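Between the sequences and the hints, there should be enough to build the whole structure, so can you do that?
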Amino acid sequence: MKKAFLIFLTVCSVFLFGVTAFAAGSPEFAVSSANAAPGSSVEVTVSVKNNPGLTSMKFNVSFDSVLQLEKVEYNTAFKGQTMQPNQMTSPVTLIWLSPFENCGQNGVFATLTFKVSSSAKNGDTADIVLAYNPNDVYNLNEENVGFAVTNGKVTVESGNAAPAAGVTLNKSAVTVKVGETETLSATVKPDNAGNKNVEWSSENTTVASVSNGKITGNKRGTTTVNATTEDGGYTAACSVTVVCDHKNKTKIPAKDSTCTEQGWDEYYVCDDCGQTLSSDGTGEVAARPFRCLAEHTGGTATCKCKAVCSVCGSHYGNYAPHNYNSEIENEKAMKKQGTCRGKTVYYYSCSVCGECEKNDAHTFEGSFGEHRFTNYVYNNDETAEHDGTETAKCDYCNATDTRARTINIYIRARSTANVAYEANVTITAEGCNVPAGCRLVICDGDRTVATGSREKVSFNAGNMTKTKSFTVKIITSTGSVRKNSAGAEISQKIKVNVFDGFFARLFALIRKLMGTTPNIEIKP
Numbered sequence: 001m002k003k004a005f006l007i008f009l010t011v012c013s014v015f016l017f018g019v020t021a022f023a024a025g026s027p028e029f030a031v032s033s034a035n036a037a038p039g040s041s042v043e044v045t046v047s048v049k050n051n052p053g054l055t056s057m058k059f060n061v062s063f064d065s066v067l068q069l070e071k072v073e074y075n076t077a078f079k080g081q082t083m084q085p086n087q088m089t090s091p092v093t094l095i096w097l098s099p100f101e102n103c104g105q106n107g108v109f110a111t112l113t114f115k116v117s118s119s120a121k122n123g124d125t126a127d128i129v130l131a132y133n134p135n136d137v138y139n140l141n142e143e144n145v146g147f148a149v150t151n152g153k154v155t156v157e158s159g160n161a162a163p164a165a166g167v168t169l170n171k172s173a174v175t176v177k178v179g180e181t182e183t184l185s186a187t188v189k190p191d192n193a194g195n196k197n198v199e200w201s202s203e204n205t206t207v208a209s210v211s212n213g214k215i216t217g218n219k220r221g222t223t224t225v226n227a228t229t230e231d232g233g234y235t236a237a238c239s240v241t242v243v244c245d246h247k248n249k250t251k252i253p254a255k256d257s258t259c260t261e262q263g264w265d266e267y268y269v270c271d272d273c274g275q276t277l278s279s280d281g282t283g284e285v286a287a288r289p290f291r292c293l294a295e296h297t298g299g300t301a302t303c304k305c306k307a308v309c310s311v312c313g314s315h316y317g318n319y320a321p322h323n324y325n326s327e328i329e330n331e332k333a334m335k336k337q338g339t340c341r342g343k344t345v346y347y348y349s350c351s352v353c354g355e356c357e358k359n360d361a362h363t364f365e366g367s368f369g370e371h372r373f374t375n376y377v378y379n380n381d382e383t384a385e386h387d388g389t390e391t392a393k394c395d396y397c398n399a400t401d402t403r404a405r406t407i408n409i410y411i412r413a414r415s416t417a418n419v420a421y422e423a424n425v426t427i428t429a430e431g432c433n434v435p436a437g438c439r440l441v442i443c444d445g446d447r448t449v450a451t452g453s454r455e456k457v458s459f460n461a462g463n464m465t466k467t468k469s470f471t472v473k474i475i476t477s478t479g480s481v482r483k484n485s486a487g488a489e490i491s492q493k494i495k496v497n498v499f500d501g502f503f504a505r506l507f508a509l510i511r512k513l514m515g516t517t518p519n520i521e522i523k524p
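For reference, each letter of the sequence shown is one residue, going 1 to 524 in the numbering used here.
Read the hints as simulated data drawn from the structure, not as lab findings. These numbers come from a predicted model, not from an experiment. One or more hints might be untrue.
Claimed, not checked - Listed next, the in silico DSBU-like pairs over lysine-lysine satisfying Cα-Cα at most 30 Å (straight line):
id, residue 1, residue 2
1, Lys495, Lys456
2, Lys358, Lys336
3, Lys196, Lys171
4, Lys49, Lys219
5, Lys58, Lys196
6, Lys466, Lys512
7, Lys335, Lys255
8, Lys214, Lys189
This is the structure in structure tokens:
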């Protein structure tokens with residue numbers, strides 16, 4: 001809720017006062033002190049020190065009535081959003097918000113310009129006090145961050161004290177060993193500056209830290225140490241190089257590689273700076289001496305699947321050769337078809353995948369084959385009721401095989417015909433391959449209406465007035481219906497469709513009056 005509230009206040013400030021970008025606070029909020037003459041303007045800074053990373057700061061600044069606040073300027077180095085106070089009388093509220101990330105900026109956060117009352121007396125002091133609610137200073141996780149507070153003051157003096165105009169260091173670059181120290185001194189200009197206090201900071205405290213100008217080497221590397229005046233925020237920098245003689249070191253034993261994780265050769269690590277050293281501990285190396293990954297192990301390959309590593313489960317290596325020891329009798333493995341006098345010869349097959357070897361020197365015998373009958377001879381024993389037979393002798397032995405001699409007996413006739421009402425209709429059908437002793441007949445239902453030869457039959461149905469169906473059959477000499485080799489009766493349906501509508505009857509009447517009756521023959 002507190003984060004949402006500050007976001008709301010900050011968004012509102014965009015429309016009301018405009019926004020200045022800045023970033024977060026530190027374990028200490030510090031208000032600078034300054035000297036000023038009556039009736040003059042003086043700048044006081046609010047600084048953040050040792051900032052652990054913040055996303056919100058809100059605090060109140062109170063000041064004595066001898067001071068009149070003229071303006072507030074935020075340091076744009078604190079990236080985020082700021083809000084100008086809605087009034088310039090004590091106390092004023094300073095708000096900063098970085099809603100989407102922590103900011104670890106240090107240094108001057110805001111500069112307050114005060115007008116000293118012209119009635120102020122020499123030696124008067126005006127306290128400037130900073131206070132904040134712990135719930136208003138927190139990081140991105142909405143965790144409250146505690147800060148110590150150093151308050152400032154303005155001392156009224158009518159003497160020759162001047163504001164700070166710059167700062168210099170006694171050294172621009174130093175080299176220090178890990179664990180050792182080097183001390184810098186800062187000089188604030190001009191000589192008569194009223195506030196000669198400076199704040200020390202390191203841009204990378206992991207490499208080197210600084211306190212009151214005393215630099216301590218922590219880890220090999222480079223960083224920059226800055227001295228910043230409390231009055232005016234002027235900065236001087238010193239380049240710091242931290243070196244290490246690697247006196248204290250730890251031996252790291254060798255580790256074997258697996259197929260998933262690299263091992264390494266024996267090496268040393270410096271306890272002071274973390275530098276990786278060679279196997280004898282004397283030389284620096286860029287990285288840990290890794291070994292190559294080990295080969296995959298375990299598992300058994302087949303001709304269908306590579307081996308599976310027992311460590312990582314990956315397939316590796318080559319396929320195993322085929323294992324041609326399986327006696328599979330199928331067409332794929334057949335080398336020579338057997339006969340009734342000789343066994344079938346097969347190639348061996350792989351017992352894993354079934355592939356055929358096709359090696360003429362590695363075969364086995366199966367069972368005997370069957371008789372082969374290829375030349376059938378007609379026995380001239382066909383009758384009107386039954387098909388004849390044909391017989392063949394085995395190509396390899398004296399065995400014989402007799403089978404029915406299939407004749408394609410069928411009737412040719414038109415299956416459907418359309419005729420006019422009262423037309424004179426004649427139906428004709430033909431027989432094909434009909435045996436001697438058989439004849440064609442036409443039936444109207446169960447009644448035979450016409451009998452012909454085995455080659456042709458015709459039936460005059462007369463003047464037809466309704467649709468009817470007729471059946472053409474083959475009748476044997478015994479009066480039964482001839483069947484095919486499958487045992488089904490041989491017959492053919494003929495359907496005669498007669499047009500029987502009003503106009504069809506009208507046209508028939510007209511034809512009758514005119515004496516012109518159509519004669520229609522329904523042929524195959």
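Hint by hint, here is what the structure shows:
1. Taking the CA atoms of Lys495 and Lys456, the gap is near 18 Å; set against the 30 Å cutoff, the hint holds.
2. Annotation: proposed proximity of Lys358 to Lys336 holds, straight-line Cα distance about 12 Å (limit 30 Å).
3. For the hint linking Lys196 to Lys171, the alpha-carbon distance of about 18 Å falls within 30 Å, and the restraint holds.
4. As the CA atoms of Lys49 and Lys219 are separated by approximately 22 Å, the hinted pair is consistent with the 30 Å bound.
5. With a C-alpha separation of about 28 Å, the suggested pair Lys58 and Lys196 falls inside the 30 Å cut-off, and the hint holds.
6. Restraint check for Lys466 and Lys512: the C-alpha separation of about 17 Å stays at or below 30 Å, so the hint holds.
7. For the suggested pair Lys335 and Lys255, the alpha carbons sit about 58 Å apart, so the restraint of at most 30 Å is broken.
8. A hinted pair counts as satisfied when its Cα atoms are at most 30 Å apart, and Lys214 with Lys189 qualifies at roughly 21 Å.
Figure legend: structure checked against the earlier numbered hints; the only hint not met is number 7.
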